[in-house]
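Undergrad: Work out the full structure: start from the sequences and follow the hints.
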Amino acid sequence: MSVRTVLQHADITRALTRISHEILESNRGSDDLVILGIPTRGVTLAKRIAAIIQSVDSTSVTSGVLDVTMYRDDLAQNPTRATGPTDIPAGGIDGKTVVLVDDVLYSGRTIRAALDALGDLGRPRAVRLAVLVDRGHREFPIRADFVGKNLPSSMEERINVRLEETDGSDEVTIG
Amino acid sequence: MRHLLSTQGLPRDEAIAILDVAEDMAAVSEREVKKLPTLRGKTVINLFFEDSTRTRISFEAAAKRLSADVINFAAKGSSVSKGENLKDTAQTLAAMGADAVVVRHWASGAPKTLADAGWIDAGIVNAGDGTHEHPTQALLDAFTIRRRLHGAAARGKGLDGVTVTIVGDIVHSRVARSNVWLLTTLGAHVTLVAPATLLPVNISGWPVEVSYDLDHAIAQGPDVIMMLRVQAERMKAAFFPNAREYSRQWGLNDERMAALPTSSMVMHPGPMNRGLEISAGAADSPQSTVLEQVSNGVSVRMSVLYHLLSGAVER
Chain R
1 MSVRTVLQHA DITRALTRIS HEILESNRGS DDLVILGIPT RGVTLAKRIA
51 AIIQSVDSTS VTSGVLDVTM YRDDLAQNPT RATGPTDIPA GGIDGKTVVL
101 VDDVLYSGRT IRAALDALGD LGRPRAVRLA VLVDRGHREF PIRADFVGKN
151 LPSSMEERIN VRLEETDGSD EVTIG
Chain B
176 MRHLLSTQGL PRDEAIAILD VAEDMAAVSE REVKKLPTLR GKTVINLFFE
226 DSTRTRISFE AAAKRLSADV INFAAKGSSV SKGENLKDTA QTLAAMGADA
276 VVVRHWASGA PKTLADAGWI DAGIVNAGDG THEHPTQALL DAFTIRRRLH
326 GAAARGKGLD GVTVTIVGDI VHSRVARSNV WLLTTLGAHV TLVAPATLLP
376 VNISGWPVEV SYDLDHAIAQ GPDVIMMLRV QAERMKAAFF PNAREYSRQW
426 GLNDERMAAL PTSSMVMHPG PMNRGLEISA GAADSPQSTV LEQVSNGVSV
476 RMSVLYHLLS GAVER
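So the protein sequences, as listed, match chains R and B. Under the numbering used here, the residues of the first sequence are numbered 1 to 175, in order. Under the numbering used here, the residues of the second sequence are numbered 176 to 490, in order.
Worth flagging that the hints you see were computed from the coordinates, not collected in a lab. Incorrect hints may appear among the rest.
To be verified - Non-contacting residues of chain B with respect to chain R, defined by C-beta distances greater than 10 Å in every case (computed):
#1 206
#2 247
#3 259
#4 261
#5 266
#6 295
#7 305
#8 377
#9 378
#10 394
#11 412
What the hints assert, rightly or not - Here are the simulated BS3-like pairs of lysine-lysine, each with C-alpha atoms no more than 30 Å apart in a straight line:
#12 R:47 / R:96
#13 B:287 / B:239
#14 B:210 / R:96
#15 B:332 / B:239
#16 B:411 / B:287
#17 R:96 / R:149
#18 B:257 / B:209
#19 R:96 / B:209
#20 B:287 / B:262
#21 B:210 / R:47
#22 B:411 / B:210
#23 R:47 / B:251
#24 B:257 / B:287
#25 R:47 / B:257
#26 B:251 / B:287
Remember, it's a predicted structure, so these values are computed and weren't measured experimentally. Yeah, the Cβ is synthetic: ideal placement off N, Cα and C, and Gly gets one too.
TA: Below, the structure written as structure tokens:
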């Protein structure tokens, strides 16, 4: 199967800029907004979205990290996974609008785990979901509020998100 | 990881992986909801043939914070006191569906027997066996040292170049043995200080230096000084003239504490004999990590249970 590039650097930047504006629009500004990335690449995307929001709205929005390893439902099927730190911005999530950020939305199981993890950290006013790529094949009643690109795919295909901060360049490939 | 029986032979990367996950477990212990759903439905049995408060409570807290069910089994007041042997006890626990057994036993090697004999198919954690090993204590000591040295940047690091002096009743101490192996695996330099009567007869295979002079060892300015409990209950002979003599020669008293660099950590695995191996002034000083060791113990044991019970079972 051949590998083709579906998003390049400029496409990713445009998608994140649009998502940032949509977040601001739906939240009517950046008040009480908490952006939480899901490791690994969701964290990078969350940082970029927070930076864009800050440049547009000129208020300080910080992003955080939500590690969901301990809440996954597939721990018994895989070798022991390393966990990572969870970093919630000062002020917590109680009464805030939390935007979860991940690179690819697939089965929805990671997001299910993230919702459980959030429940142990506080009670947000609302939880939204932003993803760079939605590839379909959901196994839970979960959908994204902000989507960079809808990418219909077969389950045999691999979607690979590369980001400059972690992988050296910005690129989304399928193949 | 299937069992945790000893730190001798524990690979460096596995040890660091346990300490790294323990960092994340420590963060859970600091938040309001101190619970994770990770081990829901798993059963952990604490099988204790010897008295213990902090280790048993620590394992119990660790298992509960990961949502495992915990059954405490103390040999006193159980069928063991009616003469039941280890095999029958193990098979009983297996029949109850134990996923992990945390075992403390007065006989060195009992956890290994449980792991190897085929009586029970659960993961075995050694919580102290005779005078052999106490691996989770060594892991929590390493975790405590690493955290004090590196703070939030501790993840992924070993203890390379750290100097650790372990003082006291080495011969009876499983804590000392586990620490010798683990700390050297992590890159630390270990020095043992003890009266000759309280050193094992042959330690030529141990990767340590030996000194008989505590004042000399303190003058070297170790990064860590670890005081061991004088285990009177295991002493069947006279190992030193009397408590006063021991305290004068081998105890960390206030004068020795003053001679120690202010950056040195003072550790003790507990329970402490205040006034014997450690003075109250040393035990309660800001350099003392005694209480940190207790709270870190829960995080490290959560990590160990996670490594034993969360992944696909290795056969």
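Undergrad: Determine for every hint whether it applies to the structure shown.
TA: Taking the hints in turn, this is what the structure says about them:
Not every C-beta of chain R lies more than 10 Å from that of residue 206 of chain B, the closest at about 7 Å, which undercuts listing it as non-interface. Non-interface call for residue 247 of chain B relative to chain R: holds, since the shortest CB-CB distance, roughly 24 Å, exceeds 10 Å. At the 10 Å boundary, the C-beta of residue 259 of chain B stays outside the reach of chain R, the nearest C-beta of that chain being 32 Å off. Here residue 261 of chain B stays apart from chain R, with its beta-carbon at least about 28 Å from theirs, past the 10 Å limit.
Even its closest Cβ contact with chain R, about 25 Å, leaves residue 266 of chain B beyond 10 Å, as expected for a residue assigned away from the interface. With a least beta-carbon separation of about 19 Å from chain R, residue 295 of chain B lies farther than 10 Å from that chain, consistent with its non-interface assignment. Under the 10 Å C-beta cut-off, the non-interface status given to residue 305 of chain B relative to chain R holds; the minimum distance is some 29 Å. The claim that residue 377 of chain B is not at the interface with chain R holds, since no C-beta of that chain comes within 10 Å of its own (minimum 37 Å).
With a cut of 10 Å on Cβ distances, residue 378 of chain B stays outside the contact zone with chain R, its closest approach being about 34 Å. Distance to chain R confirms residue 394 of chain B as a non-interface residue, since its nearest Cβ pair spans about 40 Å, more than 10 Å. Every Cβ of chain R is farther than 10 Å from the Cβ of residue 412 of chain B; the closest lies at roughly 45 Å, confirming the non-interface assignment. Restraint check for residue 47 of chain R and residue 96 of chain R: satisfied, since their Cα atoms lie roughly 18 Å apart, inside the 30 Å limit.
For the hint pairing residue 287 of chain B with residue 239 of chain B, the CA-to-CA distance comes to about 25 Å; that is within 30 Å, so the pair holds. As the CA atoms of residue 210 of chain B and residue 96 of chain R are separated by approximately 22 Å, the hinted pair is consistent with the 30 Å bound. A distance of roughly 28 Å separates the Cα atoms of residue 332 of chain B and residue 239 of chain B; the hinted pair therefore holds under the 30 Å criterion. The hinted pair formed by residue 411 of chain B and residue 287 of chain B meets the criterion: a straight-line CA distance of about 26 Å does not exceed 30 Å.
Taking the CA atoms of residue 96 of chain R and residue 149 of chain R, the gap is about 27 Å. The hint holds against a cut of 30 Å. Distance check on the hinted pair: residue 257 of chain B and residue 209 of chain B sit about 39 Å apart at the alpha-carbon level, beyond 30 Å; violated. A distance of roughly 21 Å separates the Cα atoms of residue 96 of chain R and residue 209 of chain B; the hinted pair therefore holds under the 30 Å criterion. Straight-line distance between C-alpha atoms of residue 287 of chain B and residue 262 of chain B comes to about 13 Å, which keeps the hinted pair within the 30 Å bound.
Using a Cα cut-off of 30 Å, the hinted pair residue 210 of chain B and residue 47 of chain R holds, with the two alpha carbons roughly 28 Å apart. Straight-line distance between C-alpha atoms of residue 411 of chain B and residue 210 of chain B comes to about 44 Å, which puts the hinted pair past the 30 Å bound. With a CA separation close to 56 Å, the supplied pair residue 47 of chain R and residue 251 of chain B exceeds the 30 Å bound. This hinted pair checks out: residue 257 of chain B and residue 287 of chain B have alpha carbons roughly 24 Å apart, not beyond 30 Å.
Only pairs whose Cα atoms come within 30 Å are accepted, and residue 47 of chain R paired with residue 257 of chain B is rejected, the gap being roughly 63 Å. For a cut-off of 30 Å, the pair hint linking residue 251 of chain B to residue 287 of chain B stands: about 22 Å separates their Cα positions.
The structure is inconsistent with the numbered hints 1, 18, 22, 23, 25, although it conforms to all the rest.
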